[in-house]
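Undergrad: Sequence order for the protein chains is F and S. The first sequence: position 123 = 123 (the working numbering), numbered continuously. Count along the second sequence from 1, then add 237; that gives the number in the working numbering.
Some hints could be false.
Here are the simulated DSS-like pairs of lysine-lysine, each with C-alpha atoms no more than 25 Å apart in a straight line [unchecked claim]:
hint	chain 1	residue 1	chain 2	residue 2
1	F	K107	F	K194
2	F	K194	F	K49
3	S	K372	F	K15
4	S	K349	F	K67
5	S	K264	S	K489
6	S	K349	S	K374
Output of the computed footprint for chain F on chain S, the stretches with three or more beta carbons under 8 Å from beta carbons of chain F [as the list claims (entries may be wrong)]:
hint	segment
7	371-385
8	408-417
9	462-468
FYI, nobody ran anything at the bench for these hints, they're computed from the structure. Yeah, the Cβ is synthetic: ideal placement off N, Cα and C, and Gly gets one too.
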Amino acid sequence: MASTHILSAYDDELKYLSRRISEMGGLAEQMCSDAVRALVNSDAALAQKVISDDVILDHAEREIGDKAIITIARRQPVAADLREIVGSLRIASDLERVGDLGKNTAKRVIAVQGTGVPRKLARGLEHLSDLALVQLKDVLDVYATRSAEKAEAIRIRDEEIDAMYTSLFRELLTYMMEDPRNITTCTHLLFCAKNIERIGDHATNIAETIYYMTTGAQPEGDRPKDDSSNTLGAITE
Amino acid sequence: MNMMSESAVEKALDQKMSDASHKMIGKDVSVYYGEKRALFDVNLNVRENTVTALIGPSGCGKSTFLRCLNRMNDTIEHCRVTGKITLDTDDIYDQAIDVVELRARVGMVFQKPNPFPKTIYENISYGPRIHGLSKNKADMDQIVEASLQRAGLWGEVKDRLHESGTGLSGGQQQRLCIARAIAVSPEVILMDEPCSALDPIATAKVEELIHELRANYTIVIVTHSMQQAARVSQRTAMFHLGQLVEENDTDKMFTNPDDQRTQDYIMGRFG
């Protein structure tokens, strides 16, 4: 959006959407990082904060939706402006989902609090979450620049997260087989891992939306996937 | 450009608008052209520092109502206006009201740009001169420059102030007419389809001007283009068959109007 409209109020409306998306992104990122930290440190207070922050994110998504509808009604946007507004709606809903995933992870902190998270698994989860959060942070930076090239690069990177998730999945299964008393904790951690992996997927969705907003075309080819956990059977020693 | 201060200005204006006093109040306004009744008991208030758009199908009475606001209907024979219209606290149909003075307070811009066949300078200076608003030449120069500045035309015409106003492009002529209306420091500016003779770029410039003028004036605009109403106004009033169907915030009007007829009209299902 280098050039400006003759109608300055139109620019103000588009800037508003873009600013609110960035704010949502920052909060979603913070929530997910806090949720994982709460999980590995068994920090119930931090988990509670994540849960209550989700309301802010839900509210922001609705406000972006309302503003986008009004802008469409009042400006009859076309071409890049239309893609920009439709893109804002999509990204806001992805970020709202990211917040939900953070919140769901935070909710499980209380359930695994009694047993605590084994050090080894905690490291795995942290690593997975680092990957997903870098992905999310980078895609939000790309949103600020609207670079189709960089968006495409992020989209391809999701593969790493998938591979890491599959390996964590395998590890959790092993752990459960070792001692059935681990099952409750490990099941919760499995959901947490899945949540984090999904954050990566939403970041990829956002990358695709940015690509579309900038170029007007959908990114070509399937996104690379390395999540084979869905075909993983019982591990035989 | 300073974004923060701009949106702060917008915010201040919106605040001003939400507790805006009503600049003009129309109460049970009816208009008859001879036997034919054109308006039926319209109650419509015009808020200060607000752009109010009047929309509706042809012949719905929107222009008739607009013309009541500065007694332009007086010029039409057999036209009779009943009800009451006030500007601040003054009843504008009161016998004691000086119509010339009223029209200086409530200015008007017409559909087709109609500059006087005189120089650009004289187009602007005419009003202030007959109303005795300037003491000397320097004073007048100042009024002319300020009016053209406000109308966003100064940069384009400052080197040819003494050329004919009719030599300008259509869009420039319309902004000249707006500058002329501003020159006499009106409180309210009425616009009757000010962009219908202009191309899209000139239209956008006039719309941006209307948006800026809102800070200092109260504006009522009649438009056939509901997209234009959506773009420039904060309040929208919908007329149909001489009646006021609905008056609402423009945001609400174009996303979720209260009246089914408004909905049908703006969605292009009748009219």
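Undergrad: Hints numbered earlier in the text: which of these fail when held up against the supplied structure?
TA: When the structure is compared with the hints, numbers 3, 4, 6, 7, 8 turn out to be violated.
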